[in-house]
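Asker: Numbering (this note's numbering), first residue to last: 1 to 263.
Honestly, the hints are just simulated from the structure, not real lab data.
Incorrect hints may have been included.
As the list claims (entries may be wrong) - Heads up, simulated DSSO-like pairs for lysine-lysine below, C-alpha to C-alpha not over 30 angstroms straight-line:
1) K144 to K2
2) K97 to K61
3) K234 to K142
4) K234 to K97
5) K120 to K97
6) K36 to K181
7) K61 to K48
8) K36 to K2
9) K48 to K120
10) K200 to K2
Stated by the list, open to error - Simulated restraints on C-beta separations:
11) L13 to N218: 20 to 30 angstroms
12) R71 to G168: 35 to 45 angstroms
13) R210 to H163: 18 to 28 angstroms
14) G84 to E23: 36 to 46 angstroms
15) E262 to G168: 38 to 48 angstroms
16) Q40 to G168: 35 to 45 angstroms
17) E262 to L167: 33 to 43 angstroms
18) E23 to G168: 20 to 30 angstroms
19) A86 to I15: 41 to 51 angstroms
20) R212 to G84: 14 to 24 angstroms
21) R26 to P231: 40 to 50 angstroms
22) D137 to R212: 43 to 53 angstroms
This one's a predicted model, so the numbers in the text were calculated from it and none came from an experiment.
Heads up, the beta-carbon is just placed ideally off N, CA and C, and yes, glycines get one too.
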Amino acid sequence: MKIVTWNINSVRLRIELLARMVETLRPDIVCLQETKTQDQHFPTEACKAMGFPHLAFAGMKSYNGVAILSRRPLADIEAFPRVGRADCRHLAVTLPKGIRLHNLYIPAGGDEPDPEHNDKFAHKLDFVAELARWFPDRHDAKEKLILAGDFNIAPLETDVWSHTQLLGVVSHTPIEVEHLKRFQASLPFTDAVRHVIPPKERLYSWWSYRARDWLESNRGRRLDHIWVSKPLVKKIGGARVFQETRGWTQPSDHVPVLIEIED
DNA sequence: ATGGTGGCTTTGCCA
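Construct all of the structure, not just a fragment, from the sequences and the given hints.
Answerer: This is the structure in structure tokens:
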């Protein structure tokens, strides 16, 4: 089973890029973030035509939004409010054979990495802290779980173009990395992509729109992640970051991240 | 140190 996560930054604008990614990678499941689309406007027919008859989505006008596209039946579709806001950042489904899949869009957190002065950063830290309580509360470590999404945190030194230059930049600050590690340890979860691609290798899934030449400057960050619970660790197959999409016409600033899980 | 780009529907907000 191939699972892709992709922050698509408007599913309606980039529906053709989605089709092109699907043709190339042939995923069984696609988790999307930043769909930016209310449910009544979700491009259901286009997704079905790509080979995904089973769809789950939770969207709102203009901001956020998560969706799961599947070749396989989906059960127990649930969208969860997080830290008291029903802002379409957490969607869960159950796949055949009892795998529970969670699609997460963790808040970006604004520019100033100080929760006292920046409400968006405080919201991000609260969001991750809540997840660290919620998952062990709601799930057992023996369950087959997959967490995928835009976590908006690059935890490793090799997940950013310059560890020292980004220590004070939101997405790579020590307090965010600590929060993410506590969340990861809460069940615990294994970083499936780093299980395959050694942590010493640089790996990015996002390049800013603001760079003059994203490829030449290559100032990327690995913000998009796929984690699995213990019973799935030995089932992890290949992993791939589909960097090519960043060079397509009118791209998302994030690229698809793929993991293969035997099931 | 600063500002750079993009999406949505705004004259700004969010990333």
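Asker: Run the structure past the numbered hints and jot down the numbers of the failing ones, going up.
Answerer: 2, 5, 9, 18, 19, 20 and 21
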